[in-house]
Amino acid sequence: MKKTHWDTIIIGAGVSGIGAAIKLLEQGFSDFLILEKYPDLGGCWRDNTYPGCACDVPSALYSYSFAQKPDWSRAFAPQAEILSYVRSTAERFGITPFIRYGIAVEDSFWQEESQQWLIKTAEGDVKTELTANKIISAVGYLHEPIMPKLPGLKEFNGEVFHSSRWNHDCDLSGKRVAVIGTGASAIQFVPEIQPKVGKLSIFQRTPQWILPKPDHRIPAVERAFFRLPLTLNSWRKLIYTGFEAFGVGFRKPLLLKWMQKIATAHINRKIKDPVLRRKLTPDYTMGCKRVLLSNNYYPAVAQSNVEVLATGVKEIRGNTVVGQDGSEAEVDVIILGTGFHVSDVPIARHVHGRDGRSLDDVWQGSPEAYRGTCIHNFPNFFLILGPNLAIGHNSAFIVIEAQINYIMGAIKTMQRNQLQTLEVKAEVQQGYNQRVQQELQGTVWNTGGCSSYYLDQNGKNSIGFPWSTYRMRQLLSRFDMASYVGLAKVDWVAQNITANSTKKTTARRKKATEVSV
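Under the working numbering, the residues of the sequence shown are numbered 406 to 922, in order.
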């Protein structure tokens, strides 16, 4: 890599990074680079290859609005098909030449003198320093798996792997397998591995609310119908509107009671054993945790080779997984379905702002940003899928596109006004986040009576968005320059000249003093 400076560097080549790159090119900005630490693009759809991995949002909503796919094979697309879509979209819009694979961002620092970002990267053992006027962080929050620090886990003699780093070389046939965690990934892979394993021990700290999944193979005639003008877009809007209506329940939890009744009936219909049914029935309000969809999880856990242990894990003792309640399961393989670092995203440790502090130091365990995108004291730095932008009822593509639109507005504003830097005002960021927290107080995430990734280590909801996605799109539809402070390039040049002149004068005076002495 001979060139070392770019106008914009995008970190991450997943759905967010690819989308940002497409829009940069569309706006006429081609001086950018995408840094991807893995050897392929795709983000979470590249990483998660576990059996049964699929989207839990309807396929019609799970695409860029400007590159809709009319020929999804299923109503809820499988992982391989989504990854293929992301790859083909990147190729179609000419993004792949801008990606540099195998390059990890180790640190980044705002340089006050040059008004640029210094980015320290590693490509294997090769260290390189790059500079950029702007950074777009597109690493997302389903990126770094949580590896529990369980006593004895490192000494376990069998295979151990996280669901997002699935070991396809590990043959589970006839094995005694422990699954730790019962979240969105586990309910997809458990039904796939259950018929193969000898015994399956599921350690469930908290049960999940699970609704029936209206999945089906889309016939050829229906796919042909979606190729007609306006048809797919109309269908997409219809599904979007329906999911928006469902989202009202997150803000007014009483409205979710009827959905909770459907979920309860789903358990009662699929699970006949009253003891197992009690274990699988949550005692918190639906929506407090992510609402899951599955038709085959309950039938799988009801099989004779499966046991559900309603307890967290205390330790691993030899080949035995020991629960908090003292229950034990001797196993050959441990699969971790323990989720991801959501509110404590690792990238925060590697971005240092104007005062030298990292995002991690600034946030102190409770991330916040202005409109989930910009942070005071971090000029020219933009987050995609930042704090308080997660939605529990609709497609992440909607959030991603809305943010990209806002970021493009910021970049065009900088170009139009010849700005060297752009930074959100401290009081604007503070006021916005106060409103967000006030609005979140009555939501099911805050009041539902469960522990979830929506609440950070300080008990603050730094993940959920308190309004509708329609409101989100409104907030991010236009860049609001009045909320920001910009430094014009001409002023920065003048300041730089003055600073350099002062340095030279000081140096000459010091030298003259030394000579006279």
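FYI, nobody ran anything at the bench for these hints, they're computed from the structure.
Please note: incorrect hints may appear among the correct ones.
[Said to hold, decoys possible] List of simulated lysine to aspartate or glutamate pairs, DMTMM-like, C-alpha gap at most 20 Å:
| id | residue 1 | residue 2 |
| --- | --- | --- |
| 1 | K662 | D678 |
| 2 | K559 | D737 |
| 3 | K894 | D436 |
| 4 | K684 | D737 |
| 5 | K642 | E627 |
| 6 | K408 | E511 |
| 7 | K604 | E517 |
| 8 | K442 | E528 |
| 9 | K554 | D861 |
| 10 | K865 | D885 |
| 11 | K442 | E564 |
| 12 | K407 | E564 |
| 13 | K525 | E511 |
| 14 | K677 | D730 |
| 15 | K675 | E597 |
| 16 | K408 | E564 |
| 17 | K719 | D737 |
| 18 | K677 | D688 |
| 19 | K642 | D461 |
| 20 | K554 | D730 |
| 21 | K894 | E549 |
| 22 | K601 | E712 |
| 23 | K442 | E511 |
| 24 | K657 | D412 |
| 25 | K830 | E735 |
| 26 | K604 | E528 |
The structure presented is a predicted model; accordingly, all values stated were derived computationally and were not measured.
Hint check results:
{"no.": "1", "hint": "K662 / D678", "in the structure": "violated (24 Å)"}
{"no.": "2", "hint": "K559 / D737", "in the structure": "holds (14 Å)"}
{"no.": "3", "hint": "K894 / D436", "in the structure": "holds (18 Å)"}
{"no.": "4", "hint": "K684 / D737", "in the structure": "violated (25 Å)"}
{"no.": "5", "hint": "K642 / E627", "in the structure": "holds (17 Å)"}
{"no.": "6", "hint": "K408 / E511", "in the structure": "holds (19 Å)"}
{"no.": "7", "hint": "K604 / E517", "in the structure": "violated (59 Å)"}
{"no.": "8", "hint": "K442 / E528", "in the structure": "holds (8 Å)"}
{"no.": "9", "hint": "K554 / D861", "in the structure": "holds (18 Å)"}
{"no.": "10", "hint": "K865 / D885", "in the structure": "violated (27 Å)"}
{"no.": "11", "hint": "K442 / E564", "in the structure": "violated (25 Å)"}
{"no.": "12", "hint": "K407 / E564", "in the structure": "violated (42 Å)"}
{"no.": "13", "hint": "K525 / E511", "in the structure": "holds (6 Å)"}
{"no.": "14", "hint": "K677 / D730", "in the structure": "violated (25 Å)"}
{"no.": "15", "hint": "K675 / E597", "in the structure": "holds (17 Å)"}
{"no.": "16", "hint": "K408 / E564", "in the structure": "violated (43 Å)"}
{"no.": "17", "hint": "K719 / D737", "in the structure": "holds (18 Å)"}
{"no.": "18", "hint": "K677 / D688", "in the structure": "holds (19 Å)"}
{"no.": "19", "hint": "K642 / D461", "in the structure": "holds (18 Å)"}
{"no.": "20", "hint": "K554 / D730", "in the structure": "holds (18 Å)"}
{"no.": "21", "hint": "K894 / E549", "in the structure": "violated (38 Å)"}
{"no.": "22", "hint": "K601 / E712", "in the structure": "holds (15 Å)"}
{"no.": "23", "hint": "K442 / E511", "in the structure": "holds (10 Å)"}
{"no.": "24", "hint": "K657 / D412", "in the structure": "violated (44 Å)"}
{"no.": "25", "hint": "K830 / E735", "in the structure": "violated (56 Å)"}
{"no.": "26", "hint": "K604 / E528", "in the structure": "violated (42 Å)"}
Figure legend: structure checked against the earlier numbered hints; hints not met, in rising order: 1, 4, 7, 10, 11, 12, 14, 16, 21, 24, 25, 26.
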